[in-house]
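For the protein sequence lines, the chains are S and G, in the order given.
Position 286, counted from 1, in the first sequence is what the numbering used here calls 287; the numbers after and before it change by one each time, with no gaps.
Position 120, counted from 1, in the second sequence is what the numbering used here calls 129; the numbers after and before it change by one each time, with no gaps.
What the hints contain is simulated information worked out from the structure, not anything from laboratory work.
Predicted, not measured: the structure shown is a model, and the values here were computed from it.
Misleading hints may appear alongside valid ones.
To be verified - A few chain S positions that, by computed beta-carbon distances, are all more than 12 Å from chain G:
# : residue
1 : Leu73
2 : Ala81
3 : Thr83
4 : Val101
5 : Ala302
6 : Gln303
As the list claims (entries may be wrong) - List time: in silico PhoX-like cross-link candidates among lysine-lysine, alpha-carbon distance up to 25 Å:
#  : chain 1 : residue 1 : chain 2 : residue 2
7  : G       : Lys72     : G       : Lys234
8  : G       : Lys163    : G       : Lys45
9  : S       : Lys198    : S       : Lys309
10 : S       : Lys98     : G       : Lys163
11 : G       : Lys234    : S       : Lys98
Using N, Cα and C, we set each Cβ at its ideal position, and we do this for glycine too.
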Amino acid sequence: MADIGVADPLDLREEGGALVLRLSGRWTLDTMRRLDRELRATARRPIHRLVVEAEGLTGLDSAGAWAIRRTLEQAEARGAETELRGLSDAYRPILDKAVVPDPRAPVAPPSRTGLLAPLEGAGRAVLHAAHVGRNLAGFFGYTLVTLGGVLVRPWRLRVTATVAQMEATGLNALPIVGLLCFLVGIVLAYMGALQLKQFGADILTVNLVGVAVLREIGILLAAIIVAGRSGSAFAAQIGTMKVNQEVDALETMGLSAVEVLVLPRLIALIIVMPLLTVWADAAGLLGGSVVALFLLDLSFAQFLTQLKAAVSFWDFGTGMLKAPVFALVIALVGCYDGLRVSGSAESVGRYTTRAVVESIFLVIVLDALFAVAFAEIGI
Amino acid sequence: MTGAAPPQDGPAIEVRGVVTRFGTTTIHDGLDLTVKRGEIIGVVGGSGTGKTVLLRTIIGLQKPADGEVTLLGETVAWDGSSTEALAGRFGMLFQDGALFSALTVGQNIQVPMRECGGIPPQLMDELSRLKVSLVGLPPDACGKFPSELSGGMKKRAGLARALALDPDVVFLDEPTAGLDPIGASDFDELILDLRRALGLTVVMVTHDLDSLARICDRIAVLVDKKIVVGTMEELTGSQHPWIRSYFHGPRARAAFDRPALAGAQE
Chain S
2 MADIGVADPL DLREEGGALV LRLSGRWTLD TMRRLDRELR ATARRPIHRL
52 VVEAEGLTGL DSAGAWAIRR TLEQAEARGA ETELRGLSDA YRPILDKAVV
102 PDPRAPVAPP SRTGLLAPLE GAGRAVLHAA HVGRNLAGFF GYTLVTLGGV
152 LVRPWRLRVT ATVAQMEATG LNALPIVGLL CFLVGIVLAY MGALQLKQFG
202 ADILTVNLVG VAVLREIGIL LAAIIVAGRS GSAFAAQIGT MKVNQEVDAL
252 ETMGLSAVEV LVLPRLIALI IVMPLLTVWA DAAGLLGGSV VALFLLDLSF
302 AQFLTQLKAA VSFWDFGTGM LKAPVFALVI ALVGCYDGLR VSGSAESVGR
352 YTTRAVVESI FLVIVLDALF AVAFAEIGI
Chain G
10 MTGAAPPQDG PAIEVRGVVT RFGTTTIHDG LDLTVKRGEI IGVVGGSGTG
60 KTVLLRTIIG LQKPADGEVT LLGETVAWDG SSTEALAGRF GMLFQDGALF
110 SALTVGQNIQ VPMRECGGIP PQLMDELSRL KVSLVGLPPD ACGKFPSELS
160 GGMKKRAGLA RALALDPDVV FLDEPTAGLD PIGASDFDEL ILDLRRALGL
210 TVVMVTHDLD SLARICDRIA VLVDKKIVVG TMEELTGSQH PWIRSYFHGP
260 RARAAFDRPA LAGAQE
């Protein structure tokens with residue numbers, strides 16, 4: 002064991018039935034890295050008496066002090082007598098401080114392992130989702146009540162904030178929404194034209210693009226882009242204010258966070274979303290007409306004539322009906338997740354991600370429900 | 010971490026002619042400071058005099074417009090290369106703890122230990138529990154996330170992490186602010202114990218006059234974009250108006266008139 006000689010910081014000897022540990026040199030974390038295992042093994046040896054001679058120590062840090070104390074304590078726990086000799090007074094305080102009151106205190110967060118872990122995780126997730134659903138409904142109700150209050154006393158509406166939000170969520174989103182819908186319109190018309198050409202029905206490409214863009218693509222793309230752009234911004238803005246205790250400051254001034262922070266965003270998005278949808282529809286149809294012009298030799302006027310015959314008002318109307326509902330969902334989820342932020346900056350990121358995922362999920366689920374409902378009532 | 014080598018001679022920190030500017034505002038103008046090994050030095054100064062900036066300059070986070078800094082014999086380069094060479098030899102306690110929020114307190118303390126490599130996991134766990142109790146936190150704080158701790162507890166956890174590798178030099182940015190008086194005086198004791206056992210060098214920015222009086226060997230005052238260093242007695246006799254009002258204000262008298270003052274001058 003002790004085979005290095007003079008430089009060895011730990012010298013083990015048996016002396017008259019006692020195990021003597023002679024320590025020398027600097028007992029620091031660097032030394033303990035090598036000695037830790039040997040010391041643990043030493044403390045497990047069946048001995049009656051353990052003597053630690055510390056005259057030779059020239060340096061001691063808390064890691065070294067802990068190793069000495071642990072060795073003594075472990076030997077005592079096994080019923081051995083222990084003695085610490087020759088410790089310099091300079092090292093006494095650090096040894097006295099090297100105490101671990103609860104050696105079983107957890108260091109890492111509890112990790113769930115084993116066969117039941119996925120089951121437990123699934124159960125937790127379901128309960129969590131139910132919880133979020135209930136709280137979101139509660140938040141919706143509370144926001145409606147506040148909205149009612151503002152409608153009765155309209156001067157309480159923060160007009161400047163609302164208009165600023167309309168600019169941020171609507172006006173600034175025009176380029177990206179327009180570009181994406183234009184491109185999707187091109188893709189849709191192109192794929193449709195290729196397939197329909199096979200049985201000479203290529204003129205029906207216009208019907209396909211018209212109905213698909215007006216009913217689904219326009220509103221759905223607009224809603225998903227807004228959820229990614231603005232839903233996340235709502236969560237991050239409000240969440241950061243929550244972390245900085247700005248929301249608490251509002252409350253102590255007697256201001257309602259929902260009235261000051263949520264309502265302007267909600268109202269702005271409900272106004273802006275139908276407008277964005279019209280814009281998205283137009284861009285999608287324009288994409289379709291470009292393909293029609295180059296692939297089907299259909300002039301712009303011919304495209305419009307065919308479009309007029311192909312779509313009814315309700316193809317456009319269903320998209321418009323969905324827009325304010327999706328706006329409501331996106332704004333509510335974004336603001337709700339923002340207000341759920343607590344503690345650290347890390348949770349701002351977590352809830353922002355969650356806001357985007359939840360609102361896109363809800364938008365698509367609602368879209369499916371709308372499709373069924375519209376089919377039932379025949380529009 | 011000190012390693013097997015005996016401590017080298019020479020000053021722990023040497024700051025020569027440091028000039029720091031933010032835009033057109035000059036914070037430090039040719040500032041000199043020498044910190045001896047094993048010394049506890051307090052840095053004081055009015056708001057905006059660049060106390061924290063000075064600490065950041067010394068540890069290599071803030072590049073000054075001019076000047077030179079030597080930390081533990083290494084010339085600080087402000088491009089990360091010297092920080093690597095000095096890894097583990099100094100620790101820094103930031104004002105709000107600056108704990109990694111995704112890790113528990115225990116894991117935070119283990120970050121520098123993991124970096125240095127080769128330490129058995131069991132020993133790392135024990136040492137992180139030890140540091141937690143060393144700074145006066147309850148044992149269960151070890152498994153908690155920073156967001157679950159109060160401001161004062163975060164500060165202690167930050168200190169535990171700064172002490173993780175038993176560094177030669179620790180920099181403390183307002184360590185006792187936000188601690189209750191008992192906690193603050195325990196903390197002072199802890200610093201003295203660590204210095205006695207390890208020859209720890211401590212640079213602390215503080216406004217805690219009790220700490221200054223009890224544990225600081227010398228005090229560095231940032232005035233007129235430069236630094237005035239002296240023992241408590243020397244500075245008390247200074248004629249500079251800011252230093253005079255600092256050391257002769259009512260709070261200062263209350264702190265310095267106590268018998269503990271004698272102990273600080275040992």
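So, going through the hints one by one against the coordinates:
1. Leu73: Leu73(S) is indeed farther than 12 Å from all Cβ atoms of chain G, at 14 Å.
2. Ala81: The claim stands: Ala81(S) keeps its Cβ more than 12 Å from every Cβ of chain G (closest is about 20 Å).
3. Thr83: holds (19 Å)
4. Val101: violated (5 Å)
5. Ala302: holds (60 Å)
6. Gln303: holds (60 Å)
7. Lys72(G) to Lys234(G): holds (17 Å)
8. Lys163(G) to Lys45(G): Not OK: Lys163(G) and Lys45(G) at ~29 Å, beyond 25 Å, violated.
9. Lys198(S) to Lys309(S): At roughly 21 Å apart (the allowed maximum being 25 Å), Lys309(S) and Lys198(S) satisfy the hint.
10. Lys98(S) to Lys163(G): holds (20 Å)
11. Lys234(G) to Lys98(S): violated (40 Å)
In this structure, the hints that do not hold are numbers 4, 8, 11, in rising order.
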